[in-house]
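Student: Same order as they appear, the protein sequences are chains A and B. Numbering follows my numbering, with no gaps: position 139 of the first sequence is 139. Numbering follows my numbering, with no gaps: position 279 of the second sequence is 279.
Incorrect hints may appear among the rest.
[Unchecked claim] For lysine to aspartate or glutamate, the following EDC-like pairs were computed, each having C-alpha atoms within a straight-line distance of at most 20 Å: (1) B/138 - B/118; (2) A/138 - B/75; (3) A/49 - A/211; (4) A/187 - A/55; (5) A/70 - B/13; (6) A/210 - B/6; (7) A/100 - B/6; (8) A/216 - B/6; (9) A/205 - A/189; (10) A/70 - A/135; (11) A/110 - A/128; (12) A/70 - A/55; (13) A/49 - B/6; (14) A/100 - A/55; (15) B/279 - B/204.
Hints in this document: simulated from the structure, not taken from any laboratory.
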Amino acid sequence: MSENIERRRFLKGMGAASLILGPMGCTSVEDDSKNANKPHYVMVFDQNKCVGCGECKEACNVANNLPDGKSKLLMEHQSGGVEGLACPHCGKEKCNCERKFVRVSCQQCKNAPCVSVCPTGAAHKDPETGIVTMDASKCAGCKYCIGACPYNARFINEETDVADNCDFCLNTKLAKGELPACVQQCKYDALIFGDANDPTSYVNKLLAVKDSVRMKPQFGTEPSLRYIPVVKLGV
Amino acid sequence: MDGSMEFTMGLSEGVAWPWPIAVYLFLAGISGGSLVVALAIRFFKGQTANTPLYKAASLISFVTIALGMLCLVLDLTNPLFFWRILVFYNFTSVMSVGVIALCVYIPLTAVLCLYAFEDEIKSIPALSILLPIINMLKPVRKPCEVTALILAAAVCAYTGFLISALIRFPLINTAVLPALFIASGVSAGAAASKMLSVFLFKEDMHSSELKILHGAEWPIMIAEILFICMIAMSLATGNAGAQSAFEAFTSGVWANLFWIGVVGVGFLGPILLNFATGKTFSHSAKAFYLSGVCAISGMMCLRLFILYAGQTYAI
Ligand code: SF4
Ligand code: SF4
Numbered sequence: 001m002s003e004n005i006e007r008r009r010f011l012k013g014m015g016a017a018s019l020i021l022g023p024m025g026c027t028s029v030e031d032d033s034k035n036a037n038k039p040h041y042v043m044v045f046d047q048n049k050c051v052g053c054g055e056c057k058e059a060c061n062v063a064n065n066l067p068d069g070k071s072k073l074l075m076e077h078q079s080g081g082v083e084g085l086a087c088p089h090c091g092k093e094k095c096n097c098e099r100k101f102v103r104v105s106c107q108q109c110k111n112a113p114c115v116s117v118c119p120t121g122a123a124h125k126d127p128e129t130g131i132v133t134m135d136a137s138k139c140a141g142c143k144y145c146i147g148a149c150p151y152n153a154r155f156i157n158e159e160t161d162v163a164d165n166c167d168f169c170l171n172t173k174l175a176k177g178e179l180p181a182c183v184q185q186c187k188y189d190a191l192i193f194g195d196a197n198d199p200t201s202y203v204n205k206l207l208a209v210k211d212s213v214r215m216k217p218q219f220g221t222e223p224s225l226r227y228i229p230v231v232k233l234g235v
Numbered sequence: 001m002d003g004s005m006e007f008t009m010g011l012s013e014g015v016a017w018p019w020p021i022a023v024y025l026f027l028a029g030i031s032g033g034s035l036v037v038a039l040a041i042r043f044f045k046g047q048t049a050n051t052p053l054y055k056a057a058s059l060i061s062f063v064t065i066a067l068g069m070l071c072l073v074l075d076l077t078n079p080l081f082f083w084r085i086l087v088f089y090n091f092t093s094v095m096s097v098g099v100i101a102l103c104v105y106i107p108l109t110a111v112l113c114l115y116a117f118e119d120e121i122k123s124i125p126a127l128s129i130l131l132p133i134i135n136m137l138k139p140v141r142k143p144c145e146v147t148a149l150i151l152a153a154a155v156c157a158y159t160g161f162l163i164s165a166l167i168r169f170p171l172i173n174t175a176v177l178p179a180l181f182i183a184s185g186v187s188a189g190a191a192a193s194k195m196l197s198v199f200l201f202k203e204d205m206h207s208s209e210l211k212i213l214h215g216a217e218w219p220i221m222i223a224e225i226l227f228i229c230m231i232a233m234s235l236a237t238g239n240a241g242a243q244s245a246f247e248a249f250t251s252g253v254w255a256n257l258f259w260i261g262v263v264g265v266g267f268l269g270p271i272l273l274n275f276a277t278g279k280t281f282s283h284s285a286k287a288f289y290l291s292g293v294c295a296i297s298g299m300m301c302l303r304l305f306i307l308y309a310g311q312t313y314a315i
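Let the sequences and hints guide you as you build the complete structure.
Tutor: What follows is the structure in structure tokens.
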């Protein structure tokens, strides 16, 4: 499965990253421009493959120890039908035949408003990976980031009283060299994760051949979460 | 292909910033506004005495900003975390910059109160410990007042910049908002200090200072109306998101608040009280207080409207 290949690549990538950061960094990598060395972790959600089982969400809740009823990620169920009109597929007015699911979670903006508005620097970018994450010990709970996030992708964790967001499992799975919990869990290969700046990575190749979209690009936040939509012809 | 897919759910429900923040914006606006008018008149007329208006304004500015801070702290998810805002700074954050300004502004309003109430403090023996402090601060009175004037205007503007940084809400994310907040803060602050100076410090309702304020009120109100029209027009003629936010003015409970509270009470109230009634009534104390209360309530409605309607109509 591509997932397993991807995991190996990812682990290899993490190894290379630690070499670069180490004092005896390998020269061939150091020759590259500074920017290319920096990883850019992206996640791709493939709507064609997602069946809406919701196991990604459960895996996330377990991995990140979230209180009951809180999640870092949601699944939105979209049916293609228009209320009151017959379904273009089966002709029935009430049907469930066209199901689409969309992952709702922090978009991991390159240009993140939550980070720039946070007065304490609690919402910040991890300096090594560039992943937007939280320093819970600094958050004052002012909720500025929640209002500022154009995707409504942040929430207050009632257990800690501080803000939280999906950070690709930076401090839980990634720290152990594993893929994010949701990616590991997905049986249908609907989630792909990796370093888009690594030319050999699967995500890089995938994005090169597949059309993908970013949510609400008009905000100029440059999300790192990409979506491969179901494209239907001739509706 | 961008934009061919959307989601409409979110991870947090309701508005991120509820009414205590609107009250905070209101109180901070009054605090800054009243100091701006009192100090501007003081410098303009070259006054050195503690006039009733000066006393009223310094008292109002100190009390309202202190209450405002209380609202702000109580709105944190855990009020005990408030020290983190004071210890950690992020200079790209409007809030952080505002905290720095407030850290200077709040003590300054307290200092202005000391200046303003020197005689009163002298007459109360229990407060005599304050006298050496007043004497120590006396030589720097002018620089303190100039700084206070600048910071008071900054605090008014800051409340606007603070929320206009929320890019998801077309009604809030406008460049005119800080200007609107300055204008409405100044008009409500002027009304508040006018009333207090007459009520508590026995200023003559027709004194030359209050005349200046009366004269300044109308242009400020016109500016406010203009700014609101600018925001409404830019929404009505903007993109789809902006146009849907324009509904805030035309339907729903927040539209009622806007038309009744902001336009009816805040703008029409003072106008009718001053121009549509007989000369004897419009010059009476009743009309004076009523139109002041109208201006202040209108401003509170404006903050509530912007904050709630703004956060309701997200893109
Ligand atoms: S989606 Fe929201 S929480 Fe995530 S990085 Fe962007 S602004 Fe921040
Ligand atoms: S709630 Fe916490 S993370 Fe969010 S802006 Fe405020 S201090 Fe920063």
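Student: Look at each hint and say if it fits the structure.
Tutor: Against the structure, the hints:
| no. | hint | result |
| --- | --- | --- |
| 1 | B/138 - B/118 | 10 Å, holds |
| 2 | A/138 - B/75 | 17 Å, holds |
| 3 | A/49 - A/211 | 15 Å, holds |
| 4 | A/187 - A/55 | 9 Å, holds |
| 5 | A/70 - B/13 | 11 Å, holds |
| 6 | A/210 - B/6 | 18 Å, holds |
| 7 | A/100 - B/6 | 11 Å, holds |
| 8 | A/216 - B/6 | 7 Å, holds |
| 9 | A/205 - A/189 | 15 Å, holds |
| 10 | A/70 - A/135 | 19 Å, holds |
| 11 | A/110 - A/128 | 14 Å, holds |
| 12 | A/70 - A/55 | 15 Å, holds |
| 13 | A/49 - B/6 | 17 Å, holds |
| 14 | A/100 - A/55 | 16 Å, holds |
| 15 | B/279 - B/204 | 18 Å, holds |
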